Each structure stands twice: as C-alpha cells, then as structure tokens.
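Visitor: Listed below, chain by chain, are the residues.
2 protein chains.
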Amino acid sequence: VERATETSIDRTSSRELLVDLADVPRGRLGTALENALRAAIRDGRLRAGSRLPSTRALAADLSVSRGVVVKTYEQLAAEGYLTTAPGSAARVPALQVAGDGRARPATAPADRWEVDFRPGTPSLGSLPRADWERAVRRGFASLTDAELGYGDPRGLPRLREALADYLGRVRGAVVDPAHVVVVNGFAQGLAVAARLLGELGFDRVGVEDPGSVQTSEMLADNGIDLAPVAVDGCGLDVSAVGDLRAVLITPAHQFPTGVVLAPERRRQLVEWADRVDGLVIEDDYDAEYRYDHHPVGVVQGIAPHRVLLGGTTSKTLAPGIRIGWLAAPPALAEAAARHKRQIDLMSPVLEQAAFAEFLSSGQYERHVRRTRTRYRRRRDLLMSLLADALPDAAVEGGAAGLHLLLSTPGVTDEAAVVRHAAGHGVRVAGVGSYQRSSGRWPAGFVLGYGHLTDGALRRGVTVLGDAVRAARAG
Amino acid sequence: VERATETSIDRTSSRELLVDLADVPRGRLGTALENALRAAIRDGRLRAGSRLPSTRALAADLSVSRGVVVKTYEQLAAEGYLTTAPGSAARVPALQVAGDGRARPATAPADRWEVDFRPGTPSLGSLPRADWERAVRRGFASLTDAELGYGDPRGLPRLREALADYLGRVRGAVVDPAHVVVVNGFAQGLAVAARLLGELGFDRVGVEDPGSVQTSEMLADNGIDLAPVAVDGCGLDVSAVGDLRAVLITPAHQFPTGVVLAPERRRQLVEWADRVDGLVIEDDYDAEYRYDHHPVGVVQGIAPHRVLLGGTTSKTLAPGIRIGWLAAPPALAEAAARHKRQIDLMSPVLEQAAFAEFLSSGQYERHVRRTRTRYRRRRDLLMSLLADALPDAAVEGGAAGLHLLLSTPGVTDEAAVVRHAAGHGVRVAGVGSYQRSSGRWPAGFVLGYGHLTDGALRRGVTVLGDAVRAARAG
Numbered sequence: 001v002e003r004a005t006e007t008s009i010d011r012t013s014s015r016e017l018l019v020d021l022a023d024v025p026r027g028r029l030g031t032a033l034e035n036a037l038r039a040a041i042r043d044g045r046l047r048a049g050s051r052l053p054s055t056r057a058l059a060a061d062l063s064v065s066r067g068v069v070v071k072t073y074e075q076l077a078a079e080g081y082l083t084t085a086p087g088s089a090a091r092v093p094a095l096q097v098a099g100d101g102r103a104r105p106a107t108a109p110a111d112r113w114e115v116d117f118r119p120g121t122p123s124l125g126s127l128p129r130a131d132w133e134r135a136v137r138r139g140f141a142s143l144t145d146a147e148l149g150y151g152d153p154r155g156l157p158r159l160r161e162a163l164a165d166y167l168g169r170v171r172g173a174v175v176d177p178a179h180v181v182v183v184n185g186f187a188q189g190l191a192v193a194a195r196l197l198g199e200l201g202f203d204r205v206g207v208e209d210p211g212s213v214q215t216s217e218m219l220a221d222n223g224i225d226l227a228p229v230a231v232d233g234c235g236l237d238v239s240a241v242g243d244l245r246a247v248l249i250t251p252a253h254q255f256p257t258g259v260v261l262a263p264e265r266r267r268q269l270v271e272w273a274d275r276v277d278g279l280v281i282e283d284d285y286d287a288e289y290r291y292d293h294h295p296v297g298v299v300q301g302i303a304p305h306r307v308l309l310g311g312t313t314s315k316t317l318a319p320g321i322r323i324g325w326l327a328a329p330p331a332l333a334e335a336a337a338r339h340k341r342q343i344d345l346m347s348p349v350l351e352q353a354a355f356a357e358f359l360s361s362g363q364y365e366r367h368v369r370r371t372r373t374r375y376r377r378r379r380d381l382l383m384s385l386l387a388d389a390l391p392d393a394a395v396e397g398g399a400a401g402l403h404l405l406l407s408t409p410g411v412t413d414e415a416a417v418v419r420h421a422a423g424h425g426v427r428v429a430g431v432g433s434y435q436r437s438s439g440r441w442p443a444g445f446v447l448g449y450g451h452l453t454d455g456a457l458r459r460g461v462t463v464l465g466d467a468v469r470a471a472r473a474g
Numbered sequence: 001v002e003r004a005t006e007t008s009i010d011r012t013s014s015r016e017l018l019v020d021l022a023d024v025p026r027g028r029l030g031t032a033l034e035n036a037l038r039a040a041i042r043d044g045r046l047r048a049g050s051r052l053p054s055t056r057a058l059a060a061d062l063s064v065s066r067g068v069v070v071k072t073y074e075q076l077a078a079e080g081y082l083t084t085a086p087g088s089a090a091r092v093p094a095l096q097v098a099g100d101g102r103a104r105p106a107t108a109p110a111d112r113w114e115v116d117f118r119p120g121t122p123s124l125g126s127l128p129r130a131d132w133e134r135a136v137r138r139g140f141a142s143l144t145d146a147e148l149g150y151g152d153p154r155g156l157p158r159l160r161e162a163l164a165d166y167l168g169r170v171r172g173a174v175v176d177p178a179h180v181v182v183v184n185g186f187a188q189g190l191a192v193a194a195r196l197l198g199e200l201g202f203d204r205v206g207v208e209d210p211g212s213v214q215t216s217e218m219l220a221d222n223g224i225d226l227a228p229v230a231v232d233g234c235g236l237d238v239s240a241v242g243d244l245r246a247v248l249i250t251p252a253h254q255f256p257t258g259v260v261l262a263p264e265r266r267r268q269l270v271e272w273a274d275r276v277d278g279l280v281i282e283d284d285y286d287a288e289y290r291y292d293h294h295p296v297g298v299v300q301g302i303a304p305h306r307v308l309l310g311g312t313t314s315k316t317l318a319p320g321i322r323i324g325w326l327a328a329p330p331a332l333a334e335a336a337a338r339h340k341r342q343i344d345l346m347s348p349v350l351e352q353a354a355f356a357e358f359l360s361s362g363q364y365e366r367h368v369r370r371t372r373t374r375y376r377r378r379r380d381l382l383m384s385l386l387a388d389a390l391p392d393a394a395v396e397g398g399a400a401g402l403h404l405l406l407s408t409p410g411v412t413d414e415a416a417v418v419r420h421a422a423g424h425g426v427r428v429a430g431v432g433s434y435q436r437s438s439g440r441w442p443a444g445f446v447l448g449y450g451h452l453t454d455g456a457l458r459r460g461v462t463v464l465g466d467a468v469r470a471a472r473a474g
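Going down the list, the sequences are from chains A and B.
Taking my numbering, I'd label the letters of the first sequence as residues 1 to 474.
Taking my numbering, I'd label the letters of the second sequence as residues 1 to 474.
I should point out that these hints are in silico values taken from the structure, not numbers from a laboratory.
Keep in mind the model is a prediction, meaning the values are calculated, not measured.
C-beta: ideal position from N, C-alpha, C; glycine also.
Short, incomplete list of chain B residues facing chain A, as computed with Cβ under 8 angstroms:
| no. | residue |
| --- | --- |
| 1 | Glu133 |
| 2 | Ala146 |
| 3 | Tyr150 |
| 4 | Ala187 |
| 5 | Asn222 |
| 6 | Asp344 |
| 7 | Glu351 |
With a cut-off of at most 20 angstroms between alpha-carbon atoms, the simulated SDA-like pairs for lysine to any residue come out as follows:
| no. | chain 1 | residue 1 | chain 2 | residue 2 |
| --- | --- | --- | --- | --- |
| 8 | B | Lys71 | B | Trp113 |
| 9 | B | Lys71 | A | Gly149 |
| 10 | B | Lys71 | A | Arg338 |
| 11 | B | Lys71 | A | Pro153 |
| 12 | B | Lys71 | B | Gln214 |
| 13 | B | Lys71 | B | Ala60 |
| 14 | B | Lys71 | A | Asp152 |
| 15 | B | Lys71 | B | Ala416 |
| 16 | B | Lys71 | A | Tyr150 |
| 17 | B | Lys71 | A | Ala335 |
Whenever a hint applies, use it, and build me the whole structure from the sequences.
Guide: What follows is the structure, encoded as structure tokens:
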C-alpha cells in the first residue's frame, strides 16, 4: 500500500504564503486559502512539481479543521491547479500559461476514482428523461407570452401553489403560496438567506458541527460569520445555541450524521427562536427518501413564523435542473423575494412551468416513490455488505437520505483510513472532515450510495473494510 | 383632461415616514423608500384611501431625482400596495389582511395601459417557439448524466465556446471561452459584477446620466455607490469620470438616449481605464438590432483586459428564458466565476444546452435577422407617424435597439406630457425620469416600440402629439 508522505515543499515558504491569511475571519478561511494558493501557483511562487503540505499539516498551521483544507485541495484539483494522486501529496502540475497571462490546467480534471462515496449526489441516470421532457414541452406550451417577460421575482404563481400544496401534504409544512420564493437550487436559497440574515442584523449564524461544509461556506461567502453548534445523538444541541439569533439546520436527516432532530429538541428550538425573536433556516435536502416510515415532517410545520424552509430538486431530479424553493415566515416573505430579485431578478420560467406540471400531475411523487425503492435496495445492499465486512462497526442515519454514517469504534486516525482507501481508488471522507471545532463525534465515515452501482458498493466496502482493519492494527 | 392634484394625505406624517430614510446612502434610497412605504401601508400608518404625495413633491422632500420616486410608486402599484389611476394621485387601496397578519393586495395588478411605450421589452410573441422547443429537446438529449450533476460555475463548455465564437464574429469581441461566465440574464451578471467591484475595492462606480435606473439600482442593491456621469451627444463624457476606477456603460446604443459612443470617446475611455487600472462594465443589451449598417462593435474588442462585457437573450429571445453572459478580462475571470458560484452555484443546464444548440446551428442569427426586419418596420412606422404628428420634434437613437428618443423642443414640463398621455391610457416616460443629477439632457420622451402593434403605435403617437402640443401651449 502506498502511503502519503507527510512532507511539504518548503514549510517556511508555505507559511509565508499563508501570512496573508492571518486576518481573515474563520468562516472565510476556505475561500481565502483557495485564492492564496491559486495566486501562488499562477505567479510561480509554487512551481510545477512542488508538493504541497499534507492537509493535516496545513490545517494545523492555520488552526482550521482539516475539512477546510481537504475541500480547498479538492476544489483546486477539480480546477486543474493541483494533482492529487491517491496516496501521494498534492502537487502543482505543469500549467500552460496562455498568451493572455492566465494559467490553464494542462489537462481536464478526470474522475479518477474507482468508487467515490461522496455524499450529496443522486443517481443522475435516474432522472426520468422522457417524463421530464414531456413536462418541459407541456410547461412551455402553458406559458403565455406575458409569462415569457419580466415577472414576479417569487416565481410563477402556479408553481408556488403546487409547491405549497406538495410541501403541506408530503412534508407537513404550513405554506402560503404568497410566501414561496422559487430559487435555482438551495445554494441560491442560501445566498438569499444570507442577505436576509444580514438585513435582520443576524451576522453570526449557528451551523451544525459536524455539518455540511458546502452550505456553511455558502453563508460565509455571503458575509455571514459561522458559529459551530454541537450535534449529538438527538441532533442539534439547542442548549449550546447561546445568544445566537439564527441557526441553519438539517432536522429531518442531519448532514452528515443522519440523526433525526428529536421531538424535545424541536420544541426547545422553537422556544429558543421565540425567546430571542430569531430565525431557523431549515435545509430539507433529502427527506423525501425515508425508508422505515413516513418522512419526518419539517420543523417549519410547528413554527411557520420562525422557520425559513428551503428545499431542492437536486437530490430527487438532478442538480443541473436548478429548481429549489424557500418558504419564508410571513413577515419575511417580502424581503426574501426582494433579495432574490437583487441577485437574480427571477428564475427561468421554462423549468418553473415544467416543474409545476410535474408536481400537479402527480409525476413528481411517483418518481420519488420509484427512486425511493431503488435507493432503499442500494442502502440494504450497502448495510449488508458492511455488516459482513465490519461486523463491529455500526451504521447510523441510514433510515433516510442518500448517505449513511459508518461508525468505527477502535479507529483513532480517520485520515489513515481515507488514505488507505484512496490508495486503492476508493474515495471516502471521515466524519472529522465535517467538523469545525474539536470533534466530539466518534470516528466514522460518510458513505454516499445513491449514485453507486452494486459492483461499486461491493468493491468500495471491501477496500473500506481492509482500510479500517489496517488502521485498527496500525 | 384630468390633471393630477398636487396634494398629499398629510405632508407632516409623510415627512415622519421619511425620517427613517435620512441616513440611507443615496444609491439605496429607492429600495429604502419602497420598504418604508410598504411597511407604513401594511401597519396602517398609511390608511386605505389615503393619497400619497405627488412624485414631484416627494422627490423634492427627499432631494432625489423624480425617477426614483416614479419607479418606487410603479413597483408598489405592481405589487398592489398602491393604485395609480391616470391623472390622479397614488392612493392606498383597501388591503385584505390575512390571518397571518400579512397584507395582500385586494386585486391583482392589471395591465391598465392602452399603449405602453415602456422600453426594454421585446416582442414576446416573436420568440420562435417551435424552433426553441426543438433546441430544448436537442439540448436535453445532448446532456450527459454527468452534465446533469454539479458542474463548472462558468457553465457548459460548449455554450461558452459557441458564445465566444458568436461574440467575436457578430460583436467584434475578443473572448476566450475560459473567461466566459454564463449567468441568468444581465441582471445576475450585474450582481456578479457588483461583488467583483467590491472585491477590487471599486465601491463607487460611474453610471450614465441619463441612464438605466434598473441597472444602476441592481449595482446599488449589491452594495455599490453610484456616481452619475453625464452623457452628451457623443456618449459618456469620459473627462467627467474623474477619480473613479469603474464605470457601467451602454456604448453601442446608450440607454435611454440611443447615442453611440464616439470613436474618440472609446479611445479616451480605454486610456482612462489603463491609467487608473480600472474596469469598464459594458452592457451590450440590444446592439444586435442595428438598422442602418453593421452593428457597432463592442468596446471590449479594443480592450479585452479592461472590459467586463455583459450580454443577454432577454431582448432577442425573451426575458423569461434567463440566459445571459459575462466575458471577463483574463485577470478577473476566475473571480467572476467564483462570485457566480457564490450566489447561484451554476445556471440551469437545460437552457444552456438549448442555447448552445441554437447558437451553433445558426438558428440564433437567423432569428435575430428575422426579428430585426420586423423591428425595423415598426421603427419606420413610428418615425413616420412622429414626423407627421410632431414635425418639429426630432428622433434620436433610432438607428438601433428597440426604443428611440423623441426630442421635443419647447416642452419645459415633461411631467405634464406624461400625465396628459396617462390620462388617455398611454404610458410614456420623460428622459428626465432617467436622470440622477440635475438634467442637462433636453426635454424628450423614451419610446419603446419593439412590443407594440401598428395600431398601438398609431394610437400612442396621436395621444403623445396632443400631449406635447398641450404642454407647449400650457
């Protein structure tokens, strides 16, 4: 097995590069680090062939969680600024500097993983193309000339009505179509939310720890400071929210632990929000996929005046479709629509009309049911493979969604497992890479399975089993 | 003829409402005023039936241009917070307050204009629906499963390539596909530009005066202070740009005057930008429609390193399609892509694939040619009607675009003309409503014609002719 060698090109010059980062607020460090590294690569301070510090060493240098550095390296690798061969240090590749002075990746980044357990990706082949195309055709035909013009920033009324109906029926939400704002996926919903939070003076927002790096960074990129709040086996520790006035949570299926926010915690959350006159941003990202019983309803349903509920079709249809929604507390609906308008005027009407058609014809729910069956089968296979390969490991959070958490008692170094797996072409992330503060969550690994074939699941679990056993032995 | 009575409900309480606005930066006053009025209407400080101050009186109270107040009233009327019957003061209608405490307009705002000369709207019936539907179908079929997933924030490579080719061939731009960022219309392009300007430290940006209220406000809503720069018969007065380091301009067909930026001014502009290490944001919004000769090329073509070029399909296809683009200077391309990602992750792939298909098959250019013929015919009719009705008025800026400027010597009170026309169901805006500083531009009216039928043009010109004659007599 190849192992990563913990060397860096030149620790001193790497530190010099990072001096610029000293005054950057913590929530923005990821972005600032990306920029600093890109600039250093472009202007030659980091030369072709240079090895970068290990994610662990750099995280220690910067006093940030390792997840921030991992994500930064991944981003730069995806852009071609770094190459990250399994089991080796990240390197600066030879870049073609074009006539205009801009560096370009010498090669397009390739998907080099044999098995990629990355969470958050649905089975892209499961988009019902023929049905969606029909909905697009019908939706387009339904659009009046006037609807092809400049319209309501909240979106087409018929889509907002269909969404309010769907969210009420399927997610237990209490939504007036007037308070829905159609957005291009939840990412844009977060950009809108961040502007709204800024307007309310809630510049510091609680985020789950462990939690989604992507959603947190989206808030941070839009001017919000992040305050990590611990998650335990009942979900967000509401007593630790302190004097904050806003939190971003994933109550139906906490990302990445899969914990469902306990009823008592839900009550505490609403009490806190009422007490501080605060706001809960509820990211209801994959709760349609619940395998044991009816999906757990949204917190919004018990406190519509306190919750900005966000959802997306990125997990049920495909991320490239770019349809999401916000259901705002009545008092904030107008401001939410205004902020949507200020960054994007309005969403494309073609997708809106198609999705309205898809929802109101019942096709959307049929599609969710069909894919739920498919995902449950994948989950069942993954759980049975894990039970065979690692009988003393525990699976958590597998009752819903498209990923689960494998808890591995006896593993002290998640990174060793990640490296071992990477050395065999398998990409997996430790729960530690989702933690902002010093982790309280026990060692484990986040396994996205929605997009993986049976063969990939078998191969992935075999490698992961070996990696965990090696780490326990080592 | 009904005339607006220049009364206000209660000048003192209207002033009280506006105390909150005292500390608002000028660039943000429009938004702040909207919010203050909405809040006052919702919470009953402005009661049903109340008359609002005239736009002139309120503009004087606030020391803002009247255009800001006109736009605010229009927005609130569109949302149902105000009713604005032709020739009368704006009034607060009876609002239904729903159980959730949110006021709702009692009736949906209706399009009450017989003829609306509002510029910026294409003929929505001219979208070639069958061709576009075919492009959507082909585009969708061309998308791989991976392209339906999370992708490059800049957009699909094949669309960026097709755009770079098109912009080079048709607009004289020098564009590398790597530096293109697909956005959802130029409005989102401006939100991206505003973030980029903020990052560069260019917090104060020159805008054309007279100029587009909508694009200026989009910058202001994204944290940019606006500095009006005079426009004369040669376009932007570059010598008046002073110590600014960024400007937003419409050189091919200045909005709303229709002036083409003169060659000498273009050179001065680039010299200025090089001298101050600055940035030109070029809004190339309707230049495909040029009737006398080949469209005037973009400034970007002579200074690709200094110009952030933005364009849109909102004028050529339809605003609801939501496809626009930025072509960034090489050094800023990466930052532009990052800001796009931070507010919207990426644009929907379906429209992108469809537009790539539409562009590369030549259908887009054929469509532009076809509609150009249609718009030229409308322009010719409008000009001949105007020549008959107002032989001593001059038409300017009619060589391109979807609107022209009617210059009316002898008219001192544009507002009287606007009111007279409104009293007869015709909506028209004076050039003064596009001015931020005390206007230097002679009296005139902005006539959008792209969306108007022959009958509407005839009726509109008849009313406008009467209104201008009445104002000269009065």
